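Numbering (full-length UniProt numbering), first residue to last: 1 to 953.
Everything labelled a hint here was simulated from the structure, so no lab data went into it.
This one's a predicted model, so the numbers in the text were calculated from it and none came from an experiment.
Please note: incorrect hints may appear among the correct ones.
[To be verified] What follows is a set of in silico ranges between Cβ atoms, one per label pair, in the way DEER data are often shown:
(1) L930 - S468: 35 to 43 Å
(2) E507 - E735: 33 to 41 Å
(3) N434 - L516: 40 to 48 Å
[Unchecked claim] Below 30 Å or equal to it, Euclidean Cα-Cα: the simulated DSS-like pairs (lysine-lysine) are:
(4) K133 - K335
(5) K727 - K696
(6) K133 - K120
(7) K543 - K521
(8) K481 - K403
(9) K897 - K727
(10) K572 - K484
(11) K696 - K120
(12) K696 - K508
(13) K521 - K498
(14) K389 - K569
(15) K484 - K569
(16) K120 - K279
(17) K508 - K498
(18) K521 - K473
(19) K925 - K715
(20) K696 - K335
(21) K462 - K481
(22) K754 - K813
(23) K949 - K935
Ideal Cβ positions, reconstructed from N, Cα and C, are used throughout, including at glycine.
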Amino acid sequence: MPPLARKILIIAAIDGLVLSPIQNSRNVRPSPPHGSVRIDYKSKLISSYSPTKESQAAEALSTLSSSVEAHGIAAGLLNVSPTSAFLIAITNREQVATIRGRHPIYVITDVALIPLSSRKDAEAAIFKARARKSGVDKAESDEATDTDIEEDDDTAVTNDDLQDQVNQDSKSGNRRRQSSIGEDVIGRKGVYGRFAEKWFSKRGWTVDRRRAEGLSSDEGIQEEEPKTATGDTASASDEEIIDTKKPENRPAPSAAEDGEVEEDIEAVKEDLAHSLTPKLLHTTRILLASSRSFFFSYDWDITRTWGTQRKHPSSNSPLHKFVDPLFFWNRALQKPFIESGNDTFVLPLMQGFVGQFQFSTTVPSNSEFWPPTEPGGRKATEIAHEDGKQNLLLTLISRRSIKRAGLRYLRRGVDDSGNVANCVETEQILSDQNWNHVFSHVQLRGSIPLYFQQSPYALRPKPVLLRSESANKEAFQQHFKNIKERYGNIHAVSLVEKHGNEAIVGEKFQSSFENLPNANKGVGFNWFDFHRECRGMRFENVKLLFDEIGEMLDKFEYTEETQENGKPKRVKNQSGVLRTNCMDCLDRTNVVQSFCARNALEKQLTSLGITSMSMEEEMETFAGFNILWADNGDAISKQYASTAALKGDFTRTRKRNYRGALTDFGLTLSRFFTNVVSDFFTQAAIDFLLGNVTSKVFEEFEEEMITADPAVSMKKVRENAVETSAKIVVEDENEVMLGGWTFLTPSGEDNKRKLPLQEIVILVTDRALYRCRFEFVVEMVNEFERIELEDVIGVQWGTYIISTLTHSSTDEKRNVGFLVKYRPPRTGELVRVNTRSLRSTFTKPMGEYHDHDDSDTHSKAAAPSASTPSSATRIMAFKALPADDDAADNSETELVKSVCRKIATACAKRRPAGTVDMETFVENKDVIGLAEARKSTGLLEQWGYNLRKLVWA
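Construct the entire structure; sequences and hints are all you get.
Following this line, the structure appears as structure tokens:
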């Protein structure tokens, strides 16, 4: 396996960011060696870098001020927009475990986000990274146990270095001083991208405010030129930003920069639309560094269990080609390096938990297997007679699946591929200190494999089942098929309540399990009501569950491996896993899993002949065991629910009291706050970093303050909605379906703008047009109305803008729709409503009839009369849904035009030949143009949006 770059010198060169693997960095910072790459500032392309003598000398002069050392690359390129990208480098780490005594495992503790917009911006980010790195204790960041490279070199920047850098910059005219946060961000806004202008300047908020009012971002904006100190370069503050778009304020470009000025201005204009970029970068840093939840190893595959590790790693294939893709968290971010063939920089990251502790126990002299030999060749009995002690290692590794990843109320249940939320594989490894004898035990946790959701706006939200019976059955069976292929036999334990809110999903889980086909033999199930059985904080009653399933778990065994003649010998293989879930798969699940892991540990010690321990040994062993599992529970809980696990006091001490209950209450309130406020954006960021969505997700979030679930195929859901609606509403079997689509429509009747818009189904047959209000949650038609094609008098398509509060909502090319103009029958319109009762026919409330100019005047409800003029019309308004990310630029417009043509053609066939003029029947005219939308956007709507943005964004 080719070695990964364990240390990388990142240099902000003139024409790109240079990444150079460091072989020996003691006391010197070497020039870029063979194997270096350069990322071009303009094109973002990655290419090999072989400097000439002249360029090498020039780069050497700027290395101290324009470079930083990294321990690896967490993300090859974080592409926020076509003009904005960031390299994410690991600047600090901490060793948390060692495998086989020579393979350290690290957790990321800090990262640097280096922009690729220009050298100046990259230097600013590098300067800040060096400053942070200088404050880290060298003993903590450099691990002495990493024997493959020299880790005791001076990798941190000293205070003297920083002061020299500041002095050097001051002499060169680049003033870098200690400043406020606002001054720091704006003065070196390359660290956060150019978008910081929008968030930390008076002009930025003006742009937001004017856009909310429907005006141009630049129209009529006047700013005073800030005062500058004599002889000094102007320093920007929170209130003083030079508008570089103004010719009088823009510095004259040099010959080298002349060709870049127009490109930079266009980049700023484009980036202003991505106002959430600073928050994205902040969230990325929290996820990758502050959370301490991402782990890596340079030469050991931590994504695979001991039983599935490669026995003979290929010396020619890089690590990223062999890691388990289910746990390769940064694969999408590393794609540029993978595709360019720069495997040296592709460092796989795993999200989850890694912990390890050492304990001692007395080894009986008659032990046959523990250990077979010591490195010196002495027998186990000889060692035992000397001191009777043996050091053992207990390692715990939890791996979070990248499928259906995210936060608890935003990612629940199952997706179309059978992946479940909060799916975590936990492996407990017991070994001697020389790793000659190894035991591995694997468990699995994951959400209930059904479609369901819970509202984040309640402390105890009631689960709501989603989708149809057939959809749930298909996903349920696919889930168990997936994990059976992966782990063998499965025994599922559900810990949800049998009464109360949780019972609805528990009962559905049990009935779905009972209906599993015979092909899923080897899958067992138990429903253990944790809260009822352990009421009164008696969590030790979990042993009642293991009295029932203990025999089954004994059959699953565990993996055991010894050494024979220096080669590994597999003694046992684990044949199945315990799959545990509660509602969140956190607190109750962690208690049950730790109980199961303790049983496995006791059995493994017994197999070694260790049937009893002294009180001191037992306290040391199981105190460390409890702490390890409690830390694991806290880590998984923070990653899914943003707080430490509940019931952590019992997991740590095996005791429960009122103090623990009060702590849990505080954590519950904290979870509620994060669920309501911060989780929505964090979920969008996670989906983006995993490559499940493009940067377009932030436009969606900026408009709605929430995003859709990319793992659920909306295309499939909508196709099913059209098919289901057609089966229900089209009564005559001889009626021919011509097409069906989903569109947005105003919530009120006979108007174009009443919010909120609702997604509905449109059906066109050879006789009528149907508008079906479809309940996507349970896949059922709530109501529909039918319009005879003879009553349709025309269609109108064009720009359809509902809101002017965000950039995406004012894009005239993407916000399009159409109106159907029709003359209702004299007898009044009948609407079929699904009331879950025998009565389903209702007379539709009629509004005042409009003239053919389709003005959107609101009126009182009234029934049609004989005096109603024959020219009176009503309208139905439909707005196109946003197209998929991979769709063409004008896909919304093409869809609307296609539907209008389909309706016009169907109407023409229902009337005498020549009576329908297609040119006049289909009219190209704005439904709601930008100017009209600006007038309709009131102050209350603006204030409401700004308040939501302040809270959620």
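Against the structure, the hints:
The hinted window of 35 to 43 Å between L930 and S468 holds, with their beta carbons roughly 40 Å apart. The supplied range of 33 to 41 Å is met by E507 and E735, whose beta-carbon atoms lie about 40 Å from each other. Hint check: N434 to L516, Cβ distance near 45 Å, so the stated range 40 to 48 Å holds. Distance hint between K133 and K335 is fulfilled; the C-alpha atoms sit about 27 Å from each other, no more than 30 Å.
Straight-line distance between C-alpha atoms of K727 and K696 comes to about 35 Å, which puts the hinted pair past the 30 Å bound. Using a Cα cut-off of 30 Å, the hinted pair K133 and K120 holds, with the two alpha carbons roughly 20 Å apart. In summary, the hint linking K543 to K521 is supported, as the alpha carbons are separated by about 26 Å, within the 30 Å threshold. Our distance criterion of 30 Å between C-alpha atoms is met by K481 and K403, whose separation comes to about 16 Å.
In summary, the hint linking K897 to K727 is supported, as the alpha carbons are separated by about 26 Å, within the 30 Å threshold. Of the pairs offered as hints, the one joining K572 and K484 holds, with about 19 Å between alpha carbons and a cut-off of 30 Å not exceeded. Proximity of K696 to K120 is assessed by CA-CA distance (about 27 Å); at most 30 Å being required, the pair is judged to hold. Our distance criterion of 30 Å between C-alpha atoms is broken by K696 and K508, whose separation comes to about 36 Å.
Taking the CA atoms of K521 and K498, the gap is near 25 Å; set against the 30 Å cutoff, the hint holds. At roughly 25 Å between alpha-carbon atoms, K389 and K569 fall within 30 Å of each other, so this suggested pair holds. Restraint check: the Cα-Cα separation between K484 and K569 comes to about 25 Å, which is no more than 30 Å; the hinted pair holds. The straight-line distance between the Cα atoms of K120 and K279 is roughly 22 Å, inside the 30 Å bound, and the hint therefore holds.
Among the hinted pairs, K508 with K498 is consistent with the structure: their alpha-carbon atoms are about 11 Å apart, no more than 30 Å. For the hint linking K521 to K473, the alpha-carbon distance of about 16 Å falls within 30 Å, and the restraint holds. The straight-line distance between the Cα atoms of K925 and K715 is roughly 29 Å, inside the 30 Å bound, and the hint therefore holds. A hinted pair counts as satisfied when its Cα atoms are at most 30 Å apart, and K696 with K335 qualifies at roughly 19 Å.
Restraint check for K462 and K481: satisfied, since their Cα atoms lie roughly 29 Å apart, inside the 30 Å limit. With a C-alpha separation of about 22 Å, the suggested pairing of K754 with K813 holds against the 30 Å cut-off. About 22 Å separates the Cα atoms of K949 and K935, which keeps this hinted pair within 30 Å; it holds.
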